[in-house]
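Peer 1: As you go down the protein sequences, you meet chains G and D in turn. Okay, so the first sequence: first residue is 1 according to our numbering, each after it adds one. Okay, so the second sequence: first residue is 1 according to our numbering, each after it adds one.
Watch out, some of these pointers could steer you wrong.
Said to hold, decoys possible - Derived DEER-like restraints, expressed as beta-carbon distance ranges:
| id | chain 1 | residue 1 | chain 2 | residue 2 | range |
| --- | --- | --- | --- | --- | --- |
| 1 | G | A65 | D | I101 | 23 to 33 Å |
| 2 | D | L108 | G | I315 | 43 to 53 Å |
| 3 | D | F29 | G | G12 | 50 to 60 Å |
| 4 | G | A65 | D | D51 | 24 to 34 Å |
| 5 | D | F180 | G | M74 | 33 to 43 Å |
| 6 | G | G55 | D | K185 | 30 to 40 Å |
Source of the hints: derived by calculation from the structure; they are not laboratory data. All C-beta atoms in this analysis are idealised placements derived from N, C-alpha and C, irrespective of residue type, glycine included.
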Amino acid sequence: MSGHSTYEPKSGLETWLDSRLPILRFANDTIVTFPTPKNLNYWWTFGAILALMLGIQIVTGIVLAMHYIPHVDMAFNSVQRIKRDVNYGWLIQGMHANGASMFFLAVYVHMFRNLYYGSYKAPREVLWLLGCVIYLLMIGTAFFGYVLPWGQMSFHGAVVITNLIGALPVVGHAITTWLWGGFAVDDPTLNRFFSLHYLLPFMIAGVVGLHIWALHVPGNNNPVGIDVRSPQDSVPFHPYYTVKDGFAISVFLILYGVFVFWLPDALGDAANYIKANPLVTPQHIVPEWYLLPFYAILRALPNKLMGVIAMFGAIATIFVLPWLDTSKVRSMRYRPTIRLYFFIFVLDCIVLGFCGAHSPDDLVIPGVVGPQFLDANLNSFVWLSRIAALYYFAYFWVITPLMGLTETPLPVPETISSPVLSHPAAMPAGAAASPEKRG
Amino acid sequence: MADTVAGASPDHQVSVSPTLEGDPNRRDFIHIATGVAAAGIVGGLAWPFIDQMNPAGDTLALASIEFDLGKVVEGQQVVVKWRGKPLFVRHRTPAEIQKAIAADHEDLRDPATDESRHKPGKAEWLILVGTCTHLGCVPTFGGGDYGGWFCPCHGSVYDTSGRIRRGPAPKNLEVPDYSFLSDSKVKVG
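From just these sequences and the hints, can you work out the full model?
Peer 2: Here you go:
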């Protein structure tokens with residue numbers, strides 16, 4: 001999409017089509033000859049994995065919708081019927097339910113890769129924003145989808161999340177009633193959630209189109225984080241990255257297959273095998289694993305409205321990241337100080353996930369009764385989530401802006417090719433080669 | 001070429017004549033009128049598409065229930081489904097009522113006297129919407145330090161008047177609109 005096209009029609013038919021609908025030219029320029037930095041590593045294959053996962057979710061989802069019944073009396077049974085009676089329903093439902101988890105796993109890797117290599121920085125801010133929009137749509141889709149099996153966790157998850165909006169002053173109550181279409185989560189709610197669950201993936205597909213468009217204007221970032229300077233720095237997308245992405249997809253599908261075939265319920269909650277009962281709340285309400293960190297942030301604050309603001313703030317924060325980062329160096333390969341904070345941040349997100357999975361009053365270290373501090377035990381998950389949530393926000397709002405101003409980055413290579421060419425393997429025998437000490 | 005240029009000049013002169021100067025104004029009017037009409041149509045149609053999500057007529061019609069209090073033994077509560085939510089009908093013991101009145105003057109998060117939470121002369125009957133005001137879970141009967149309810153989701157504690165005493169919930173358990181049809185029958189909603 002950027003630069004001039006190298007497409008040459010090979011037959012009369014292609015020439016005829018090219019002057020009417022240049023779709024083959026478009027395909028050629030975007031996935032065949034598209035110049036791609038030659039040093040992309042496996043962290044860059046998750047874009048293709050995500051595209052595949054979106055495709056799988058849409059295809060399996062359309063099939064499931066042929067058998068699913070969005071009615072409070074029949075939804076639970078219809079999902080069980082899909083799993084037990086519909087031909088290959090166990091496979092298609094298993095692919096869809098576990099596919100959501102795999103989709104989020106891939107998107108988190110994709111996002112952390114972005115953070116590490118500074119791919120969100122100029123000129124790729126719009127690309128990053130579109131990615132954030134996709135992530136937001138994914139959260140919405142996953143939430144609506146999780147309600148559909150109408151198990152206990154589906155129902156009470158929906159109750160808790162829709163009640164979050166009730167925290168808004170004045171209008172909160174009217175909005176929740178509007179969302180529910182009644183006075184509680186009920187049949188109208190299930191119906192509209194089904195409708196929206198069917199709609200959002202197509203919106204995601206649309207934004208993915210924009211995302212790829214925005215990617216193809218500046219081209220890919222790369223592990224050294226410097227621009228492509230000459231044709232020697234890039235290779236055509238096909239066959240180099242079609243093959244690399246294909247290999248990564250194959251490995252990823254093995255992991256996906258393990259869950260679908262051997263551990264189909266490992267990522268789900270047992271309570272969702274009990275039909276929804278509005279009169280009894282499960283002892284312990286948790287969202288799916290991929291939303292646990294945000295759930296932990298929500299519960300870290302003692303005030304309902306503040307908790308809701310913090311949770312949405314955690315997601316809103318990632319949108320403004322390109323304007324919080326003051327560093328000119330993209331890749332953290334050359335930013336040894338913030339790299340340390342980055343790895344703590346990854347750990348911090350996992351810790352938040354653990355906090356979200358536990359009851360707030362549970363003890364972090366079993367058997368140790370810590371001192372009471374303010375309103376809770378210091379050894380409880382409440383305090384751990386508070387500390388972790390604080391680090392989450394500090395990483396974006398304090399560490400990222402400050403690091404860019406205070407740190408001394410390592411020397412950045414002149415071109416993408418130079419660290420490769422100065423690698424010992426590429427050097428004439430006997431030549432001293434140590435890329436770290438160059439420049 | 002010369003002909004074309006010569007022909008163009010008079011046209012140019014015509015375009016600044018007063019007759020056509022009125023044109024831009026008429027055009028502005030058309031543009032604004034079209035814009036207003038389009039905005040009006042879109043805005044007018046937006047409301048039906050928003051309001052269709054609000055509770056439908058049949059949902060509202062089913063919104064009240066009658067309940068026979070004779071089923072509830074003193075010291076117990078019965079949970080009824082009302083508007084898709086649990087409704088707590090609690091038959092309080094004199095001790096529980098005393099406890100609730102005694103707490104009237106304590107430092108409450110959502111101040112309310114016990115008297116304001118039941119019908120006059122019917123202190124033994126406490127009728128509340130059984131959803132935690134935090135995030136809507138169903139609190140368990142008799143749990144917590146105040147002998148009222150305890151919410152298992154995030155640890156909110158309610159007293160025997162259904163008032164919030166501890167935990168993240170911001171408000172007391174809601175008292176629905178209800179009335180006594182007779183001594184042993186109430187209509188809720």
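Peer 1: Output the numbers, in ascending order, of every earlier hint that fails for this structure.
Peer 2: Result: hints 1, 2 and 6 break, sorted rising.
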